[in-house]
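Visitor: If you want the building blocks of each chain, they are given just below.
There are 2 protein chains.
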Amino acid sequence: MSLDAVLSRIDSDLPAATDRLLDLLRIPSISTDPEFKADCDRAADWLVADLTSLGAKIEKRPTPGHPMVVGHIGEGAPHLLFYGHYDVQPVDPLDLWDRDPFDPELQETDKGQVIRGRGAADDKGQLMTFVEACRAWIAENGKLPCKITFFFEGEEESGSPSLVPFMKENAEELKTDIALICDTGLFESRVPAITTMLRGLLGEELTITGPSKDLHSGMYGGIAMNPIRVLSRIIAGLHDATGRITIPDFYEGVPEISNALKAQWDGLNFDSKGFLGDVGLSAPAGEQNRSPLEMIWSRPTCEVNGIWGGYTGKGFKTVLPSKASAKISFRLVGQQDPLKIRENFRKMVEDQLPEDCTVEFHGHGASAAGQMETGDPAFEAARQALSDEWPDTAAYIGCGGSIPIAGYFKTILGTDAMLIGFGKDNDQIHSPNEKYDMESFHKGIRSWARVLDALSG
Amino acid sequence: MSLDAVLSRIDSDLPAATDRLLDLLRIPSISTDPEFKADCDRAADWLVADLTSLGAKIEKRPTPGHPMVVGHIGEGAPHLLFYGHYDVQPVDPLDLWDRDPFDPELQETDKGQVIRGRGAADDKGQLMTFVEACRAWIAENGKLPCKITFFFEGEEESGSPSLVPFMKENAEELKTDIALICDTGLFESRVPAITTMLRGLLGEELTITGPSKDLHSGMYGGIAMNPIRVLSRIIAGLHDATGRITIPDFYEGVPEISNALKAQWDGLNFDSKGFLGDVGLSAPAGEQNRSPLEMIWSRPTCEVNGIWGGYTGKGFKTVLPSKASAKISFRLVGQQDPLKIRENFRKMVEDQLPEDCTVEFHGHGASAAGQMETGDPAFEAARQALSDEWPDTAAYIGCGGSIPIAGYFKTILGTDAMLIGFGKDNDQIHSPNEKYDMESFHKGIRSWARVLDALSG
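Sequences listed follow chains U and R, in order.
Note that this note's numbering has the first sequence beginning at 1, numbered continuously upward.
Note that this note's numbering has the second sequence beginning at 458, numbered continuously upward.
Hints listed in this document are in silico derivations from the structure and should not be mistaken for laboratory results.
We put the beta carbon where it would ideally sit given N, CA and C, even for glycine.
Check each hint, because a few of them may be wrong.
As the list claims (entries may be wrong) - Cβ-to-Cβ under 10 Å is the rule here; a few derived chain U residues that face chain R: (1) R229; (2) R233; (3) A263; (4) G267; (5) L268; (6) A283; (7) M295; (8) K317.
Claimed, not checked - Here are the simulated distance ranges between beta carbons: (9) R:K771 to U:T411: 52 to 60 Å; (10) R:E830 to U:K213: 32 to 40 Å; (11) R:G820 to U:K213: 53 to 61 Å.
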């Protein structure tokens with residue numbers, strides 16, 4: 001088994017690999033629109049046929065929605081699972097596309113060649129980086145270096161309603177040593193990365209009631225408690241002057257990142273000025289004495305996502321409203337317990353209610369943070385493999401949002417996931433004129449060949 | 458001139474007076490609905506005819522909207538103006554009325570006889586109390602005790618668009634020693650009152666912008682400034698812990714009420730528990746160490762009438778919004794200067810803005826408080842006259858809301874207005890099944906006879 005030979009084959013096979021991707025991109029597998037149900041099925045069939053040609057035992061598996069594609073190939077340790085999704089986002093607004101989203105083509109740009117079309121980056125181009133790496137490996141060596149289970153979903157862009165039930169029903173078959181997920185990006189479009197920290201999410205909605213009905217502020221203004229004032233005071237008190245969240249015991253289970261990780265993050269030279277400048281901001285507004293990357297990856301947050309109460313239409317109405325509401329979410333890290341935080345948050349709100357006010361709460365989901373076991377030598381091996389392929393050293397990074405599938409591997413299958421992807425910030429996923437850089441595709445395939453080599457070494 | 462004879466005549470003429478009111482109530486003079494334009498005209502004609510029969514020189518005066526009715530009668534001092542409005546509110550929802558709103562009738566209730574129909578209390582029944590008092594006076598004495606100008610409007614329920622221009626154009630004709638307005642109520646449905654303090658109103662709308670577009674709270678939560686948080690902090694800081702408003706110089710020009718007035722208000726035995734209990738509240742929420750009546754009549758307020766920002770629909774969206782807005786109004790008293798307060802409020806908000814946030818303001822009207830010159834002996838004379846008619850001693854009271862017409866008499870004509878009315882809290886004005894108590898009508902007519910006597914004495 002020679003890695004160099006596999007990499008050479010990847011280079012020489014790139015035009016054919018690109019043609020295969022273009023072929024898959026021509027299938028309009030929009031999962032959220034029932035009109036494209038047959039197309040989703042066709043994309044699943046395409047994957048079954050392509051991987052069968054590599055020697056995989058693979059098939060479509062029915063679900064109440066679009067089918068899963070599950071298959072196995074190879075022998076030996078470790079046993080890896082690869083996850084990707086074959087469905088794509090809708091294409092509206094169509095008039096903002098420069099060409100038919102499902103008539104993909106290669107385009108030359110001043111930043112290099114790109115593959116233009118819906119799904120090029122999210123996620124067909126990315127999932128094919130892994131498939132093409134397997135293809136090159138088999139072509140060169142007659143077989144893969146380890147056992148691989150493929151697991152493709154067709155509902156990722158429409159909320160994955162069948163995913164959890166399917167994983168639970170097929171847990172034995174899907175349990176592997178490690179899961180590989182290719183649906184993320186390079187850090188700042190440049191640095192290869194393994195996402196190892198995912199923030200959890202707690203959603204809360206609260207409605208504060210003062211008077212039993214809307215009042216006239218001329219009649220009752222000054223004597224009746226205004227629930228907007230109460231709600232504002234509660235929200236204003238959720239952070240102290242240093243940006244810390246004031247809910248009792250909120251920081252229980254929030255770890256400090258290790259010096260090694262801190263050094264890696266410092267090495268990323270994150271362009272926080274550019275990141276904020278893109279959205280019209282100039283200064284990080286989080287906790288004092290925390291770096292920008294800590295603020296978005298390793299520190300918990302409390303954000304008001306919506307607020308409403310009283311008259312919000314045009315003009316003016318001198319109403320003193322009966323109710324005021326807000327939607328508030330918390331991003332969680334480390335070992336923070338979402339249910340305990342919910343309880344403490346609600347108690348803190350109740351403790352601040354003045355006489356005559358009541359509060360109703362409605363919970364909107366509560367998921368803990370995800371933290372991969374980077375102590376597992378496989379992580380360091382994969383990180384080294386990525387560093388070998390790209391100009392920059394690969395890093396373990398965090399992700400401010402949540403990627404539910406990674407959590408499901410952990411909670412349902414007990415498997416850690418390596419989130420490795422090659423997307424760039426300007427890929428315009430979910431938007432018109434989606435593209436995937438040829439560099440992402442080519443070096444992505446080469447990256448997976450190196451990772452396979454490293455994990456099987 | 459014998460007042461007793463006039464009062465006796467009022468008593469014996471009550472059935473005929475009631476018939477005249479029922480006649481006027483049958484005219485559906487809904488000013489806001491163009492379909493009833495001819496009916497508004499008809500109501501104006503009705504008043505012209507009725508007052509002409511008393512000997513007044515009176516006529517309809519055209520405006521761009523519904524006509525004014527202006528006329529004069531009598532001689533001697535003082536010269537009084539009486540204002541009322543002949544238009545009524547719409548009747549929707551019609552299915553909540555127990556009978557045709559414009560087929561009025563007398564009904565017996567367990568609290569006495571009532572006149573049921575649209576406009577019975579607001580304002581046809583009230584304005585006829587004055588007309589009937591004049592009629593009895595003339596019938597008994599051959600003439601009125603002083604000169605009276607009648608001024609009836611037909612657009613009060615649709616924003617009075619023609620009022621100010623008409624008053625300005627006819628200022629000389631409308632200038633009198635004092636204006637009488639019959640469009641208010643008894644205090645707590647029981648105590649006769651002259652409303653001498655009207656709060657002013659300043660409306661402000663503000664929008665705070667943080668990021669230049671809505672952000673994903675997973676991506677930017679913790680590092681980007683959330684404008685809802687900023688707005689909440691600003692609102693929370695508008696009152697201190699004692700309920701006082703914190704805008705610099707806000708209390709400049711806020712007078713303490715006199716001991717005499719304080720004694721009157723204490724004597725009203727205001728049922729603040731009932732007032733608040735009706736709307737599900739139990740405790741006054743205004744400034745500490747102020748009585749409930751001070752809170753709603755003689756103290757300035759700051760109320761948030763509306764707030765909105767971010768996602769306010771069903772479910773949850775982890776948006777970190779670009780903008781957050783609020784509508785805030787201030788009730789003003791005494792000599793508070795609305796424009797100065799606007800300026801100080803805006804500066805205070807700007808001073809609290811963190812880096813990266815901007816604010817836009819939109820003003821929604823600014824009117825100073827109104828305060829009648831109760832030092833004028835006419836006020837004490839009228840108060841005594843009302844006290845003579847009713848079981849309770851009459852009081853000077855405040856009004857938390859604003860009654861623009863009273864301000865116009867002052868600012869356009871330089872005339873103080875006496876707001877005297879006999880409505881009760883349960884008259885259901887603007888609502889289905891509006892009524893006017895026969896007690897209000899009967900004692901209202903008698904009250905005006907006494908006031909005419911007292912002012913002319």
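Visitor: When the hints from earlier in the document are held up against this structure, which numbers fail?
Guide: Checked against the structure, the hints that fail are numbers 3, 4, 5, 9 and 11, while the rest are satisfied.
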